[in-house]
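*Asks:* Fit chain B to the supplied structure of chain A, relying on the hints for placement.
As given, the protein sequences belong to chains A and B, one line each in that order.
My numbering runs 652 ahead of the 1-based position in the first sequence.
My numbering runs 652 ahead of the 1-based position in the second sequence.
Because the hints were derived from the structure by calculation, they are not lab data.
Hints are not guaranteed to be accurate.
Copies of one chain are not kept apart here, so a pair can be met inside one copy or by any two copies together.
To be verified - Within a straight-line C-alpha distance of at most 20 angstroms, the following computed SDA-like cross-link-like pairs (lysine to any residue) qualify:
1) K656 to D718
2) K722 to Q1024
3) K722 to E1054
4) K722 to V736
5) K899 to Q667
6) K1052 to P1089
7) K848 to K1077
8) K747 to E661
9) K1050 to D815
10) K903 to E661
11) K774 to Q1046
In case you want the letters, here they are:
Number of protein chains: 2
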Amino acid sequence: MSIKVFLNEDEIPRQWYNLAPDLPSPLQPPIGPDGTPVPPQGWYKIFPENLIEQEYSQKRWLDIPDEILKILYRWRPSPLRRAVYLEEALGTPAKIYYKDESVSPAGSHKPNTAVAQAWYNKQFGTKTITTETGAGQWGSALSFSCGLVGLECKVFMVRISFDQKPFRKMMMQTWGANCVASPSNETNAGRSFLEKDPDTPGSLGMAISEAIEAAVADSSGATKYSLGSVLNHVLMHQTIIGLEAKKQLAKIGVGKPDIVIGCAGGGSNFAGLAFPFTYDKINGADIEIIPVEPTSCPTMTRGLFAYDFGDTAGTTPLAPMHTLGHSFVPPPIHAGGLRYHGMAPLVSQAIVEGLFAPRSIHQIECYQGAVQWARTEGIIPAPETSHAIAAVIQEALKAKQEGKEKTILFNLSGHGLMDLVGYNKYFEGELSDYALPQEEIDKTEEELKDYPKAQINKSGKW
Amino acid sequence: MSIKVFLNEDEIPRQWYNLAPDLPSPLQPPIGPDGTPVPPQGWYKIFPENLIEQEYSQKRWLDIPDEILKILYRWRPSPLRRAVYLEEALGTPAKIYYKDESVSPAGSHKPNTAVAQAWYNKQFGTKTITTETGAGQWGSALSFSCGLVGLECKVFMVRISFDQKPFRKMMMQTWGANCVASPSNETNAGRSFLEKDPDTPGSLGMAISEAIEAAVADSSGATKYSLGSVLNHVLMHQTIIGLEAKKQLAKIGVGKPDIVIGCAGGGSNFAGLAFPFTYDKINGADIEIIPVEPTSCPTMTRGLFAYDFGDTAGTTPLAPMHTLGHSFVPPPIHAGGLRYHGMAPLVSQAIVEGLFAPRSIHQIECYQGAVQWARTEGIIPAPETSHAIAAVIQEALKAKQEGKEKTILFNLSGHGLMDLVGYNKYFEGELSDYALPQEEIDKTEEELKDYPKAQINKSGKW
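Bound-form chain A, shown alone (with noise of 0.2 angstroms):
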């Protein structure tokens, strides 16, 4: 029994999927704050060109350049793996496939767009690139290609995730970039945020805004701004892992999964594995696909879907998403890269034409699922990780009950080598599920209520 399908470098994938031309409905464009839509000029600024050609882009299909593969390769393509011990533990007929992410030396699938965007960015002449992180996985995955790119890099970590995770910053140092907690004192939206509030956690909005601060200041145009997901052009490049995917489940003949899963903060590790197929079942193809967040910052399955910021302090375009308001600041959980107020554009477009089926799990559940995948496949799991596990045994448990031989795929998006201290809380009692309260949902109401409505003609299909 085979229970791994490696790609050899020359099956890698060479474009990358391009889901909004496929859309159902056509994207809602983003817009200023006069209610117009934000042409790419717009962006230039934190932005440079290339990249933000990709995010307006409605060519189905991009070529991935030979440098970027070339980078790639030192972990790419990655493991398609079979999860049989918990198949065993599970007792159930369905078959579980994951995507490895886990194996890039950052430790997740964060590296398949910082590559690109470290890429283009030293194409264009960027010489610094600015970033915000929440867990650390995003400032790791950058200060490593900017490492092997060869650009400066700067990280904003939220400082709930700095102060419990020192060994993030020591990684990103290690590749050699810079990387502070936020809010800090380095920029006016970091003071202004700490003058409100100098024991705030943190957020990523919180971040962004002074991620976005430092590039813009830097008057040369040499400092441009990076963001690890909810971009267009970000989720295109997440999309070698499902088309890998797609790939390694041919070799061993299994035509299509029935379930796709994966967590979703911002949506990209999920939109990486899941657009690729997402364009089979826009064909046709009967596939249920679940992106699953934490009950307590339940942006999909209770957020509206509107027009708001991508960052707290409002310095981005007004984007059509699943959010929970932009002043939002999430309870401190574990699963860092889940706590953003927001959803990827594409993400959220898909969920409202039906395509997606969003599920929302309880912290709790979660650490489970990661401790029973411990200790059957052995992997460690990211927290973030562990909310697309707990819905893999759910949907396994379900195949059971049904007696259904059910094939699960989903994306290991990354280990929690680096997570542990949310482990030994589990260990020791001291996490409690938290669900969010209405108060909460109806203020995001009341905050965005001024603000242009997001409408789409949904088709009705799914």
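*Replies:* Showing chain B alone in chain A's frame:
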């Protein structure tokens, strides 16, 4: 250009290689305090009989049970990679290949023997395994393996590492094990060490004494002890690394490496890669084989080849090996796994035979190499592994000077994601180099002067 070579599961080696019968002169036996050889029965209190049978085996090849292979398939066969990015950075004509043992869920080569030992113990009827750990790699690996096989696991972790690496304990806990700092108050040996020096940083020798005592103290016989290196059967379990590497090199048409390198603390990762090539060398192949150690703990390069205890309290049989004396407490360098006073008898005897050319390297040069590796190849290596990398860089630069296209093969024994405190100290300039003073070496001679001499008849062939 292919930079990764995979093997399918059905290509995994199905036998371990045992160097003992191929050593030019017979391996000297372990002896008791009375100077007579210890028979297999002498070990039964602490090890299960099936593993001791392997320890004394003179068979060249031992079958690997299918059940063990089924466990190893989680990550084995491990990839063989070519370090093209480092080669480019060094401008060397040398071709640098490495086995990536960091891909195991525990992050190092250690599970290769931990899984085998846990499995054989389970077969034998053992319920609990005790062990010691230095840097934490071994304790993690045994915790992981006991969790998979269904055994209790108790780990005594050298205090300095326990304090420097709190996340190691959480990792072991996640896999279901129990880890305490050593010396502890749980054993007579531990209490006596603490009485002598309440602030002792601990040592592998002390932790071994505690773990053995804890095993023997269970009068039911259901608790056994496990060692992560040094012993013959442990080294044999690791030879799967070198045997895979041979198959992988053959796949890409590389006849043999010119140089084989591994770091060596107790000797297991080095032996795992090197022994299958040592067989070739004994049979006429021209291969330079280099075990690398820290200059601060120069067991192979400056220690005596003598009979000495494996632990500090003197509870083990005397083994013929390179040693700095069983009371040696090494300086608190960050390569915790290389702080052992002795060296595997099989490795030691091969050194005396001239088969290996041991080398010692200072701590700072190792970190320099590790950072260069991380910024070119990507993976942040374990501090232990950095010794191998530093030697690889020395050899690659030598090849450049000589204009020779040498093939270098080394073992990337583990990643350093749990060891970032050392990197941080390196960047902060807090590390210094330390060469062991001659008095320390002289003390060893004095300590061992009344013990039987370890003498072999060198064949003088290498």
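*Asks:* For every hint, state whether the structure bears it out.
*Replies:* The hints, checked one at a time:
no., hint, result
1, K656 to D718, "between (26 angstroms within a copy, 17 angstroms between copies)"
2, K722 to Q1024, "between (36 angstroms within a copy, 19 angstroms between copies)"
3, K722 to E1054, "neither (45 angstroms within a copy, 29 angstroms between copies)"
4, K722 to V736, "between (32 angstroms within a copy, 10 angstroms between copies)"
5, K899 to Q667, "within (13 angstroms within a copy, 33 angstroms between copies)"
6, K1052 to P1089, "neither (34 angstroms within a copy, 66 angstroms between copies)"
7, K848 to K1077, "neither (29 angstroms within a copy, 35 angstroms between copies)"
8, K747 to E661, "between (26 angstroms within a copy, 19 angstroms between copies)"
9, K1050 to D815, "neither (39 angstroms within a copy, 44 angstroms between copies)"
10, K903 to E661, "both (15 angstroms within a copy, 15 angstroms between copies)"
11, K774 to Q1046, "neither (44 angstroms within a copy, 31 angstroms between copies)"
Figure legend: structure checked against the earlier numbered hints; hints not met, in rising order: 3, 6, 7, 9 and 11.
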